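Residue numbers for the sequence shown follow UniProt numbering, beginning at 1 and rising by one.
No lab work stands behind these hints: they were computed from the structure.
These figures come from a predicted structure and were not determined experimentally.
Among the hints, a few may not be true.
[What the hints assert, rightly or not] With a straight-line Cα cutoff of 27 Å, these simulated DSSO-like cross-link-like pairs (lysine-lysine) come out:
1) K389 to K361
2) K153 to K139
3) K198 to K209
4) K179 to K50
5) K132 to K251
6) K139 to K334
7) K81 to K132
8) K132 to K117
9) K128 to K198
10) K101 to K191
11) K164 to K147
12) K2 to K123
13) K219 to K193
14) K334 to K128
15) K158 to K139
16) K251 to K215
17) K14 to K45
18) K101 to K153
19) K251 to K378
20) K174 to K128
21) K117 to K191
22) K45 to K251
23) K29 to K14
24) K132 to K193
25) K215 to K14
26) K123 to K194
27) K11 to K198
28) K11 to K174
29) K202 to K216
30) K193 to K2
31) K105 to K154
32) K209 to K81
33) K2 to K45
34) K105 to K194
35) K147 to K11
36) K158 to K117
37) K302 to K2
38) K132 to K174
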Amino acid sequence: MKIFFIDPLSKEGKEIIRQDDSLDNLFDKQSIGYSYADIGLARLKWYFNKNFREYEFLFDENIAEYDVKAFYALAQAIAIKFGSSSRESRILIDSQKELTKERLKLYPRLEEKFIEKFGDIVKWTELKDAIKYGNIRFKDLLLDEGKVILSEKKFQEKFGKRFKNRDIGRFYRKIVGNKLKDIISGIVAAKVKKYINKVYEKVKSQEIKPHPNIKKIAKEISRITTRPSNIVIKPMKKSPLDPNAFPPCIKKALQGVKSGLRNYAIVTLLTPFLSRARLCPTLSGKRNLKISDYDPKLNILKNEILPMIYKAAERCDPPLFEDDPQEKRNIIAKLGFGLHEEPHLENEGESEWYSPMNCDKIQIYAPELCDPDETCKKVNNPLVYYLKKKGGD
1 MKIFFIDPLS
11 KEGKEIIRQD
21 DSLDNLFDKQ
31 SIGYSYADIG
41 LARLKWYFNK
51 NFREYEFLFD
61 ENIAEYDVKA
71 FYALAQAIAI
81 KFGSSSRESR
91 ILIDSQKELT
101 KERLKLYPRL
111 EEKFIEKFGD
121 IVKWTELKDA
131 IKYGNIRFKD
141 LLLDEGKVIL
151 SEKKFQEKFG
161 KRFKNRDIGR
171 FYRKIVGNKL
181 KDIISGIVAA
191 KVKKYINKVY
201 EKVKSQEIKP
211 HPNIKKIAKE
221 ISRITTRPSN
231 IVIKPMKKSP
241 LDPNAFPPCI
251 KKALQGVKSG
261 LRNYAIVTLL
271 TPFLSRARLC
281 PTLSGKRNLK
291 ISDYDPKLNI
301 LKNEILPMIY
311 KAAERCDPPL
321 FEDDPQEKRN
331 IIAKLGFGLH
341 EEPHLENEGE
351 SEWYSPMNCD
361 KIQIYAPELC
371 DPDETCKKVN
381 NPLVYYLKKK
391 GGD
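Please build the complete structure, drawing on both the sequences and the hints.
Okay, structure coming up:
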């Protein structure tokens, strides 16, 4: 199994493109029964609906070389048509990350091959982008004098004496090995982001001109990514917020609260509630939901949701941001855009879009906000209260 099946931007993957960089045949059916365009677009369709049976060919090692060219065509189409900071760019990055992880599950030997080429012990700074685009945190990494240990061999060299007469392999898998898929997929995702940026800059400087087939693929991408039925999450009805349907705790938070309660009321409770109630009014079991799936240009977030949150923060005593300006960044982080002053699409996914806490946690952490009415007694979450009052399901 070749490394480019999980990392199309590897040295071997780039060599495949050097040997065949023609874009004239992207829509021609190949010997495997699919065209390069078919494979590339299938990657996105699979990401949206996770139908492994329909797209099982994406996990067949026999398509590996074709998949590389399909990826490059897809990445170029997105960079040229939509730009490097677009929602489509993020979708490609996330889809490659997920595809890499699933292929690693099927071909675990590729983990070892990847680490051999990347380095079995690397400086932590080399993984900064992987942390940004992957599903890993800095504290998940095993550090030794500023370097991250990745391979079992290096783990044994460093810690072998501590685990004398014990199964060191089991400890390696628990401490490092179980995180390798996330680390590797994060590294690959970061490389995808850099490649999209590179192509986009070349287009801006007119170093390259779009091939007609790349434009054709871009049109197909647009159809896939703008069709609500293809979104990973179940389509939900969104509508303007109805303050009359807010639960008592939310009404109190909106009025402003005193010091000691401000951070919880505004950042932890109000921010997830208002964003979910306005854009995704349901307690979905799906993970990795993103605001841009409901508000592609972030207009609703910037013009409706954030102003409500910021006004509530100003009503606090003292105003929240006057003595704790960092909380504005924490609000943006709770919305899924990382620790930044403002929400930007290119930062989406750096953190998780939070759901409102259940009522029992509010009673524990902020009992002053909890003044239950009759409806409260029938629900266990502020968002369920809102849906019930508003007549939602």
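Hints, verified against the model:
1. Straight-line distance between C-alpha atoms of K389 and K361 comes to about 21 Å, which keeps the hinted pair within the 27 Å bound.
2. The hinted pair formed by K153 and K139 meets the criterion: a straight-line CA distance of about 21 Å does not exceed 27 Å.
3. The suggested pairing of K198 with K209 holds, with an alpha-carbon distance near 14 Å, which does not exceed 27 Å.
4. About 22 Å separates the Cα atoms of K179 and K50, which keeps this hinted pair within 27 Å; it holds.
5. For a cut-off of 27 Å, the pair hint linking K132 to K251 is broken: about 35 Å separates their Cα positions.
6. Taken as a hint, the K139 and K334 pair is honoured in the structure, with Cα atoms around 19 Å apart against an allowance of 27 Å.
7. A hinted pair counts as satisfied when its Cα atoms are at most 27 Å apart, and K81 with K132 qualifies at roughly 24 Å.
8. A C-alpha spacing of about 21 Å is found between K132 and K117, which places the hinted pair at or below 27 Å, so the restraint holds.
9. A threshold of 27 Å between alpha carbons decides the hint, and for K128 with K198 the separation of about 19 Å falls inside it, so the pair holds.
10. A distance of roughly 15 Å separates the Cα atoms of K101 and K191; the hinted pair therefore holds under the 27 Å criterion.
11. Distance hint between K164 and K147 is fulfilled; the C-alpha atoms sit about 24 Å from each other, no more than 27 Å.
12. A threshold of 27 Å between alpha carbons decides the hint, and for K2 with K123 the separation of about 26 Å falls inside it, so the pair holds.
13. Between K219 and K193 the CA atoms are separated by roughly 21 Å; this keeps the pair inside 27 Å, and the hint holds.
14. Note on K334 and K128: the hinted pairing holds, with a Cα-Cα distance of about 21 Å set against a maximum of 27 Å.
15. Of the supplied pair hints, the one linking K158 and K139 holds, its CA atoms being roughly 19 Å apart against a limit of 27 Å.
16. As the CA atoms of K251 and K215 are separated by approximately 50 Å, the hinted pair breaks the 27 Å bound.
17. Taken as a hint, the K14 and K45 pair is honoured in the structure, with Cα atoms around 25 Å apart against an allowance of 27 Å.
18. A distance of roughly 22 Å separates the Cα atoms of K101 and K153; the hinted pair therefore holds under the 27 Å criterion.
19. With a CA separation close to 18 Å, the supplied pair K251 and K378 stays within the 27 Å bound.
20. A threshold of 27 Å between alpha carbons decides the hint, and for K174 with K128 the separation of about 22 Å falls inside it, so the pair holds.
21. With a CA separation close to 15 Å, the supplied pair K117 and K191 stays within the 27 Å bound.
22. At most 27 Å may separate the alpha-carbon atoms for a hinted pair to count; K45 and K251 exceed this at roughly 41 Å.
23. For the given pair, K29 sits about 22 Å from K14 by alpha-carbon distance, which is consistent with the 27 Å threshold.
24. Note on K132 and K193: the hinted pairing holds, with a Cα-Cα distance of about 11 Å set against a maximum of 27 Å.
25. Using a Cα cut-off of 27 Å, the hinted pair K215 and K14 holds, with the two alpha carbons roughly 22 Å apart.
26. Restraint check for K123 and K194: the C-alpha separation of about 19 Å stays at or below 27 Å, so the hint holds.
27. Using a Cα cut-off of 27 Å, the hinted pair K11 and K198 holds, with the two alpha carbons roughly 17 Å apart.
28. Straight-line distance between C-alpha atoms of K11 and K174 comes to about 30 Å, which puts the hinted pair past the 27 Å bound.
29. This hinted pair checks out: K202 and K216 have alpha carbons roughly 19 Å apart, not beyond 27 Å.
30. The hinted pair formed by K193 and K2 meets the criterion: a straight-line CA distance of about 22 Å does not exceed 27 Å.
31. With a C-alpha separation of about 23 Å, the suggested pair K105 and K154 falls inside the 27 Å cut-off, and the hint holds.
32. For the hint pairing K209 with K81, the CA-to-CA distance comes to about 11 Å; that is within 27 Å, so the pair holds.
33. In summary, the hint linking K2 to K45 is supported, as the alpha carbons are separated by about 24 Å, within the 27 Å threshold.
34. Our distance criterion of 27 Å between C-alpha atoms is met by K105 and K194, whose separation comes to about 25 Å.
35. For the given pair, K147 sits about 24 Å from K11 by alpha-carbon distance, which is consistent with the 27 Å threshold.
36. Annotation: proposed proximity of K158 to K117 holds, straight-line Cα distance about 20 Å (limit 27 Å).
37. Restraint check for K302 and K2: the C-alpha separation of about 45 Å exceeds 27 Å, so the hint is violated.
38. A hinted pair counts as satisfied when its Cα atoms are at most 27 Å apart, and K132 with K174 qualifies at roughly 23 Å.
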